[in-house]
Amino acid sequence: MTHPTELTIAGARRALAAREISAAELTQAHLDAIAALNPRLNAYITVTPELAAAQAAEADAALARGEAGPLAGIPLAIKDLFCTAGTRTTAGSRILGDFVPPYESTVTGNLLRDGAVFLGKANLDEFAMGSSNTSSAFGAAENPWKRQGDDTALVPGGSSGGSAAAVAARLALGATATDTGGSIRQPAAFCGVSGIKPTYGRCSRFGIVAYASSLDQAGPVARTVEDCAILLGSMAGFDPRDSTSADVAVPDFAAAVARGVKGLRIGIPREYRVEGLSPEIDALWRQGMDWLRAEGATLVDISLPHTKYALPTYYIVAPAEASTNLARYDGVRFGLRENGEDLKDLYERTRAAGFGDEVKRRILIGTYVLSAGYYDAYYVKAQQVRALIKRDFDQAWAQVDAILTPATPTAAFGRDENQDDPVAMYLNDVFTITANLAGIPGMSVPAGLDGKGLPLGLQVLGRPFDEETVFAVGGAIERAAGFHALPALRAAA
Amino acid sequence: MSYTIEGSTGPWEVVIGLEVHAQVTSMAKLFSGAATEFGAEPNSQVSFIDAGFPGMLPVINRECVAQAVRTGLGLNAQVNLWSRFDRKNYFYADLPQGYQISQYQYPVIGTGQIEIQLGDGSTKTIGITRLHLEQDAGKSLHDQHPSKSYIDLNRSGVALMEIVSEPDMRSPEEAGAYLTKLRQILRYLGTCDGNMEQGSLRADVNVSVRKAGEGFRTRCEVKNVNSIRFVMQAVEAEARRQVELWEAGEEVVQETRLFDTTRGVTRSMRSKEDAHDYRYFPDPDLPPLVLEQSWVDSLKAALPELPDARRARYVGDFGLTPYDAHVLTLEKETAAFYEAVAKGRDPKMAANWITGDFFAGLNRVGASIGSSPVSAEDLGALLDLISDNTLSGKLAKEVLEAMFETGKAPGLIVEERGLKQVTDTGAIEAVIDQVMAANAGKVEEYRSGKDKLFGFFVGQTMKAMQGKGNPALVNELLKKKLG
Amino acid sequence: MSLDTATVRRVASLARLRVEEADLPRLEAELNGILGWIEQLQAVDTQGVEPMAGGGAQALRMREDRVTDGGIQEQVLANAPDRAGAFFAVPKVVE
Ligand SMILES: [Mg+2]
Ligand SMILES: [Zn+2]
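Residue numbers (UniProt numbering), protein chains in the order written: chain B, 1 to 493; chain H, 1 to 483; chain Y, 1 to 95.
Keep in mind the hints are simulated off the structure, nothing from the lab. A hint or two may mislead.
Stated by the list, open to error - Not everything, but these chain H residues come out facing chain Y in the computed CB check (under 7 Å): (1) T4; (2) I5; (3) G7; (4) S8; (5) S32; (6) A34; (7) S147; (8) P282; (9) A360; (10) E416; (11) R417; (12) G418.
What the hints assert, rightly or not - Restraint-style ranges between C-beta atoms, simulated for each label pair: (13) Y3(H) with Q42(Y): 49 to 55 Å; (14) Q75(Y) with Q395(B): 47 to 53 Å; (15) R9(Y) with L81(H): 51 to 57 Å; (16) A43(Y) with G7(H): 56 to 62 Å; (17) F216(H) with D342(B): 52 to 58 Å.
Claimed, not checked - Here are some, though not all, of the chain Y residues that point toward chain H, as calculated from beta-carbon distances under 8 Å: (18) A22; (19) L24; (20) P25; (21) G48; (22) V49; (23) Q58; (24) M62; (25) V67; (26) D69; (27) G70; (28) A86.
For glycine and all other residues, C-beta sits at the position ideal for the given N, C-alpha and C.
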């Protein structure tokens, strides 16, 4: 039979139900793969073999009783931004020190309720700020893909780089991730896997270390669109502990994957044909349009005129929120403390030692744009432009059911590339960031390879709370693309 | 004449505005389910939300919002159906999140007004600028260790109403009367217990001085004054300090100060010297607070009667003097006591007994209305004994004294001590006959026109009856017998 | 708008981030690079546009007034870098 780490979540569920494999075996195969590959890939910050074994044993018992939850025995990687009771949670930062939360995030709690097995905590950019997973205080994660004939270490994207790398390298069947400006979709695209950022409010933010509260959303990364749908179905749901959680029913996302696109109107936003777009990505985008047309969808040229202002808007809103969300890391109640002459000195030394450069940069920018005299010019202005960006989408939904765009402007880049200029790095999120600002769902699906053999993704955007259509379009692209390429570094290869 | 401070250059007017922080009466905190009770073990009433732990999120308590709305209605203020929570950002050891969730640009309650009562019987209207909901911070203890401060987060996240007045007050007395009235309204509404010793009500006092006819000069804010008396003292001390500065040709610098209650002076707060830039912005964890008009209406319909209305009713319906009505309505408990006593009885008589002998009795035994050894029911029974002529006024005073001492019902005391008034005309006539016989000469004098002697006969008769004769009957029968 | 060194110092102090004097020029340049790029927003006509604060619900849900939390003193204190009995401890603050 297929090697256990090569299974999809849907396939593993069938195999577990048919008792072709036990949860213990499935988990052990992944733990072995982690032991072999994680020292190289650094996809996990913390591995929890005992916990995983115990959870797998529980899943086997539940399977034997016929009381198994929908994710019983499915081994997952958990982005280290989700608080997990009793397991160190770092947010990729020194400042959390050896913080062990006594509480469980709602999303991971939902997965545990459904029987999932947690292999460990996945690497990420510090506090989810980044697009390369190079800002982690626990070292960069590596993309398991290689350019043909070139051993350069490539970034897995960020901030959920560890999650995407782990799933691509077969170190987990799926992973939780979060997306504030593209942090699920961009690493998914860079690592040749699928990922969806659902509608803002679909997944509870309770227990997820906050970066930018009005933009942060949890979502899954997995190797198929169906697997993403299965995971999201478990992660999502109303949570009274999050005032921004939406009190709406969770539909059967997995059922929507095979729905097809016949009769759907798919928008192609002309503003996404940005300067510097690689010709290969442009070609893939056109290919995607052809696939959907062939499946019975109608393509519609649309305009999202404020697209080009999305990035600068984001780089006001997100740092502003981050600057105050991160004020709680002060060395008093948890986390790192550096002693000082007095309290202010303690704060300043603790935060200087505990935060990395990118986090500091964003805190400073955020503090500045909120400060007296600049608030209106920066923050209020950004909120107004954000309203315009959302209005662009609201108007588009009158014409189309979903929107197709590239996921990223380039394929994965080398670890040392793009590091000098923060703004150049920010451009990675040019296609993904609008969905966060507008609060709409967006999914990245691997659709092809570039000339050097690196994966490229297409992005599907949908109406608020219409993830089903996004899954339907994503499923159609996946079937048409037949993407079966494999990364150079992977378990059991 | 209005209040002024006499400086070397002449009189100075004092301008005062108050920002009052009132702890909302609720079981749980504003944004977490931890308890609010006073005096618990340190850090025992703290949730991870109150301690600012990673990933924790606020969820608002409906009752705290209701209490703010009730208070707004009690202050005759505008209830804003759309308001918003903002973050006020600053670092402090007892501020776990690094920001306070407050309402800055859009408070839940807008402008209102209250009427204050002054010592000379006059009233004055003081404007309310706004009321907003916010979280309290924790408590720092600075005196437990030579080089450390200790932090207790029990209070962190408790709901506060910050009630801001217009700078409408002009004397320490007005400031005191304002705080008294505000506290009275809050306690009537049940939205804040008004307990100043426990910090449930704290005032920031903004003071400036000016010459007659001038605009406002620079003000200083005296922080966290925790009694009405101290508010009045702080106003005077701060105003005098400012007058001295101006008259010495110096400037008053806008700053926050503390009132040193032992020395009776204000001093600059070192910890607040750092120029603040609070970077207020809408809290992204909290959508706007949107209220239904029907909900506000239902809260309004269920409001208790407030002091002003009650006072007016006591004057209008019960015929009390404005002063008695004021005294009886100052505390909600006193008014309730009064109404229980007055129910089905002569309201003026009830008022006289409560404001007179009953208050004196409370004073004597050091009790409050809540801990009074004499219940409203027993005091009412005493008044009934007067009305049905069982007791004379004089005897009733004696009985009330005994009630304070023993806590017994008046009927029982009357019985035990044989204090029952004599209304048997035959018995009274027999005593009168004895008195007349023993004072034949005076009877002659009276009958020959010396009317003033009537009092003498009353006194002798009552004395002979040990005060128990019904005064009206004694009078009536004496008149008849003396002719 | 661009930042001068004094402003960077002030903002760092507001944010309670210790910045060494030697690092100020680099930070100043980076921040000005970002702010210069952000400046393009000024070109957008936002006259009369209602600012959008968040992506979520349009009104707060309210919870009932019940004590459902707290009573976890030891867990609240367990991660503290310095504590004294049931208190968190910090260097003495002078008011
Ligand atoms: Mg104040
Ligand atoms: Zn306040």
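Structure versus earlier hints, numbers of those that do not hold, lowest first: Of the numbered hints given earlier, those the structure breaks are 1, 2, 3, 4, 9, 10, 11, 12, 15, 17, 18, 19, 20, 21, 22, listed in rising order.
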